[in-house]
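> Now for the letters of each chain:
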Amino acid sequence: MNKSERILTGAELLWECLIQEGVEVVFGYPGGANLPIYDTLTAYRDRVRHVLVRHEQGAAHMADGYARVSGKVGVAMATSGPGATNLVTGIATAMMDSSPMVCITGQVAATALGGDAFQETDITGATLPLTKHSYLVMNVEELAETFREAFYIARTGRPGPVLIDIPKDVQNARTAFNYSAEPINLPGYHPPEKASDEAVTTALDMINNAEQPVILAGHGILMSHAMEDVVELMEQASVPATPTLLGLGTIPASHPLNLGMMGMHGTACANHAIQEADLLIACGMRFDDRVTGKLATYSPHSKKIHIDIDASELNKNVRVDLAINADLATVLRQINPGIRKRKREAWVTKIAEWQKDASQRDILQMDSPVLMGGQVIRTIWEGTPEDAVIVSDVGQHQMLTAQYYAHEHPHTFITSGGLGTMGFSLPAAIGASFHVKDKEIWVIVGDGGFQMNVQELGPAVQEGANINIAIINNGYLGMVRQWQQLFYEARYTETPISSPDYVKLAEAYGLPGYRVERREDIPSAMDSARSHQGPALIDFVVEKHDMVFPMVPAGASLHEMIRRPHPKHATIEVGK
Amino acid sequence: MKQVLIVLVEDKPGVLNRIANLFRRRNFNIESIVAGHSEVPGTTRLTIVTDEEERLRRNIIRQDLLKLINVIEVVDVTEQPCIIREYALIKIKSDGATRGEVGALVDMYRGRIVDVGTRSLVIEVTGEPSKLDSIIDVLSTYGIIEIMRAGKVAITRGAENPADNGGLHLWKNSRGKAVTANAHKEGKVS
Numbered sequence: 067m068n069k070s071e072r073i074l075t076g077a078e079l080l081w082e083c084l085i086q087e088g089v090e091v092v093f094g095y096p097g098g099a100n101l102p103i104y105d106t107l108t109a110y111r112d113r114v115r116h117v118l119v120r121h122e123q124g125a126a127h128m129a130d131g132y133a134r135v136s137g138k139v140g141v142a143m144a145t146s147g148p149g150a151t152n153l154v155t156g157i158a159t160a161m162m163d164s165s166p167m168v169c170i171t172g173q174v175a176a177t178a179l180g181g182d183a184f185q186e187t188d189i190t191g192a193t194l195p196l197t198k199h200s201y202l203v204m205n206v207e208e209l210a211e212t213f214r215e216a217f218y219i220a221r222t223g224r225p226g227p228v229l230i231d232i233p234k235d236v237q238n239a240r241t242a243f244n245y246s247a248e249p250i251n252l253p254g255y256h257p258p259e260k261a262s263d264e265a266v267t268t269a270l271d272m273i274n275n276a277e278q279p280v281i282l283a284g285h286g287i288l289m290s291h292a293m294e295d296v297v298e299l300m301e302q303a304s305v306p307a308t309p310t311l312l313g314l315g316t317i318p319a320s321h322p323l324n325l326g327m328m329g330m331h332g333t334a335c336a337n338h339a340i341q342e343a344d345l346l347i348a349c350g351m352r353f354d355d356r357v358t359g360k361l362a363t364y365s366p367h368s369k370k371i372h373i374d375i376d377a378s379e380l381n382k383n384v385r386v387d388l389a390i391n392a393d394l395a396t397v398l399r400q401i402n403p404g405i406r407k408r409k410r411e412a413w414v415t416k417i418a419e420w421q422k423d424a425s426q427r428d429i430l431q432m433d434s435p436v437l438m439g440g441q442v443i444r445t446i447w448e449g450t451p452e453d454a455v456i457v458s459d460v461g462q463h464q465m466l467t468a469q470y471y472a473h474e475h476p477h478t479f480i481t482s483g484g485l486g487t488m489g490f491s492l493p494a495a496i497g498a499s500f501h502v503k504d505k506e507i508w509v510i511v512g513d514g515g516f517q518m519n520v521q522e523l524g525p526a527v528q529e530g531a532n533i534n535i536a537i538i539n540n541g542y543l544g545m546v547r548q549w550q551q552l553f554y555e556a557r558y559t560e561t562p563i564s565s566p567d568y569v570k571l572a573e574a575y576g577l578p579g580y581r582v583e584r585r586e587d588i589p590s591a592m593d594s595a596r597s598h599q600g601p602a603l604i605d606f607v608v609e610k611h612d613m614v615f616p617m618v619p620a621g622a623s624l625h626e627m628i629r630r631p632h633p634k635h636a637t638i639e640v641g642k
Numbered sequence: 327m328k329q330v331l332i333v334l335v336e337d338k339p340g341v342l343n344r345i346a347n348l349f350r351r352r353n354f355n356i357e358s359i360v361a362g363h364s365e366v367p368g369t370t371r372l373t374i375v376t377d378e379e380e381r382l383r384r385n386i387i388r389q390d391l392l393k394l395i396n397v398i399e400v401v402d403v404t405e406q407p408c409i410i411r412e413y414a415l416i417k418i419k420s421d422g423a424t425r426g427e428v429g430a431l432v433d434m435y436r437g438r439i440v441d442v443g444t445r446s447l448v449i450e451v452t453g454e455p456s457k458l459d460s461i462i463d464v465l466s467t468y469g470i471i472e473i474m475r476a477g478k479v480a481i482t483r484g485a486e487n488p489a490d491n492g493g494l495h496l497w498k499n500s501r502g503k504a505v506t507a508n509a510h511k512e513g514k515v516s
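If you're matching them up, the sequences are chains A and B in order. Residue numbers for the first sequence follow this note's numbering, beginning at 67 and rising by one. Residue numbers for the second sequence follow this note's numbering, beginning at 327 and rising by one.
This list has only true hints and no planted wrong ones.
To list a few chain B residues with every Cβ distance to chain A over 10 Å, as calculated:
1) 361
2) 421
3) 425
4) 429
5) 433
6) 445
7) 470
8) 479
As a list, the in silico EDC-like pairs of lysine to aspartate or glutamate whose alpha-carbon atoms are at most 20 Å apart:
9) B:338 x A:211
10) B:328 x B:459
11) A:505 x A:448
12) A:260 x A:298
13) A:407 x A:298
14) A:409 x A:298
15) B:417 x B:427
16) A:382 x B:377
17) A:422 x A:342
18) A:503 x A:90
19) B:457 x B:427
20) A:382 x B:380
21) A:382 x B:402
22) B:328 x B:390
23) B:417 x B:450
24) A:382 x B:390
25) B:417 x B:433
26) A:610 x A:433
27) A:416 x A:342
28) B:338 x A:188
29) B:338 x A:215
30) A:382 x B:379
31) B:338 x A:208
32) A:505 x A:452
33) A:409 x A:271
34) A:407 x A:277
35) A:382 x A:354
36) A:503 x A:452
37) B:338 x A:207
38) A:407 x A:301
Keep in mind the hints are simulated off the structure, nothing from the lab. Each residue gets a CB set at the ideal place from its N, CA and C atoms; glycine is no exception.
Model the full assembly from the supplied sequences, consistent with the hints where possible.
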């Protein structure tokens with residue numbers, strides 16, 4: 067035996083592995099099948115922090131939020147059975163948004179597997195389609211190598227969640243601990259790197275000869291650290307860019323060539339530009355149905371270049387002329403030196419016209435006696451430093467945050483994009499607060515989503531998470547209500563939703579709470595919230611019947627947007 | 327044309343489940359799937375036949391399979407020269423009166439009678455799927471009791487191992503030696 071090797075239990079070995087992987091914080095919940103892990107935690111407390119959540123879904127979202135702001139692997143822990151199944155929504159959320167995460171679940175003893183023991187669930191089976199990879203560790207000797215592989219798989223290539231299920235007897239079994247420093251060698255896993263010379267030449271030809279090109283800026287830019295390379299391409303070749311929802315912040319909102327978000331609730335300008343483009347350069351995005359609208363009429367005149375690290379995304383939804391399966395930053399560094407400098411004045415002028423049109427219809431000009439969600443979010447933007455981290459939930463306020471909060475920096479906008487998980491924002495922000503220490507964190511959440519994981523106010527207070535919670539409270543499940551109004555003849559079935567008194571709720575949990583009903587009171591409430599060290603909550607009571615515009619109805623072409631009525635002829639129903 | 331995929335995977339628990347799950351999720355139909363040890367210890371080679379006709383969807387199947395961590399290489403041999411064989415056990419009604427006649431038929435197909443009962447025969451036959459279809463058709467005149475077909479197995483013609491384009495050669499060379507995960511891209515194997 068090597069001198070550096072020590073004999074450890076599986077449970078001890080687990081913490082040693084996490085330390086080796088640089089894990090600083092674990093979000094979890096103890097139970098029968100992971101008791102050995104929790105029992106040994108005491109010996110590792112000085113090196114790993116554990117956050118006790120109130121529901122395992124919260125643990126998964128916290129790990130996800132932490133991963134998204136830090137770029138590191140987030141770790142969530144749960145017991146077997148219901149503990150493990152409670153993680154599932156959080157795992158699916160991370161999978162859809164390519165968030166690096168390792169979930170560790172306790173399992174009934176290996177000898178009892180498959181026998182329907184108390185709190186037994188086949189969690190590797192249940193999460194099979196929701197994880198990038200998963201392990202059921204039957205042997206303590208395999209535990210360390212499993213952890214090494216799991217972290218490697220989670221953070222490399224297209225990142226994603228990896229689950230490790232550890233039977234209780236494996237946690238108790240003993241083995242020599244030796245964390246290998248050898249490179250991981252998985253015969254079937256080789257994330258691609260460079261583009262071929264031929265692909266680079268073709269791409270350059272296409273870009274240099276395009277008259278009306280548009281860059282589609284996706285989440286992959288963040289994960290590949292290609293922010294500067296994309297901006298260089300934009301500026302050298304005068305190519306405007308439009309981010310996806312998760313691409314917000316990859317290029318500064320203030321950049322004159324940034325068209326704003328694309329898609330269902332994107333800017334009219336971005337959608338028109340995509341539809342009239344003669345070249346799309348898709349960077350680390352996956353042509354989700356929410357950004358393409360009707361595929362048959364999507365950007366009909368353009369040639370398309372698609373760069374993605376995941377080969378299975380290429381030609382999946384949109385047929386492209388040049389598919390490059392490689393790391394985005396590497397590809398752009400191959401392409402950029404060959405870019406011909408161009409001004410493209412005609413194209414830029416055309417786009418500037420569309421941009422003007424959108425701003426005229428903006429709700430910010432509207433003089434309304436009640437608060438409008440968009441106004442609240444714009445005022446939050448005005449009152450926060452540009453590097454503030456904004457964590458939004460899912461629904462109308464999420465789209466309003468995308469539209470009215472100008473995201474300048476990478477990793478400052480966190481939201482559940484692909485899965486659209488209500489209840490994501492509060493735990494994700496708590497998770498983020500363990501990495502972001504010197505910036506403001508704001509949760510923007512609807513009254514529906516807030517009530518889905520409201521129990522996580524517990525750990526927010528217990529851990530002193532420095533987050534500000536802005537509830538955009540319209541008394542409805544607003545986005546569903548909007549669809550009912552537009553497409554179901556205004557039959558508001560089960561979308562009106564009551565709320566507790568959030569100020570009292572805050573008080574009960576031990577955090578300051580404020581209620582704001584007038585526009586002029588927003589800044590002072592914000593000041594009160596942020597001056598408090600630890601969590602604080604503001605309940606913004608807003609217009610019930612507001613809608614998010616523009617909107618491309620599901621299945622319509624991208625240019626067929628429903629627009630907000632011009633302010634002069636505003637017909638928005640106000641008050642009730 | 328049926329899609330024929332040769333898939334090399336790590337021999338680990340749950341791999342077949344992961345593969346089957348991909349097909350289920352997209353509602354692709356697996357016509358047959360055959361698995362067995364390959365020439366490399368620790369790996370399994372599968373032949374998967376699907377009824378997918380469209381080339382782009384076939385490519386999606388291949389890319390989705392490749393995305394699985396335990397899948398080493400996927401070769402779509404649908405349009406490549408390859409040998410495809412199938413094995414079948416066929417139980418038919420037959421007594422002393424027809425046994426000789428059946429025996430002669432089976433010989434023509436280079437099959438074998440492997441079990442004889444007073445009122446039944448079991449016939450073993452190997453060959454191209456169309457040959458199996460043909461003998462089953464011929465034997466059906468006697469009355470078929472049961473058929474067990476083993477699914478198609480495929481191998482490419484020529485001296486190449488298509489999996490050598492993937493990571494397998496690297497893995498073979500690297501047993502017990504340090505190799506970076508992307509060394510094959512740089513051509514470095516230490």
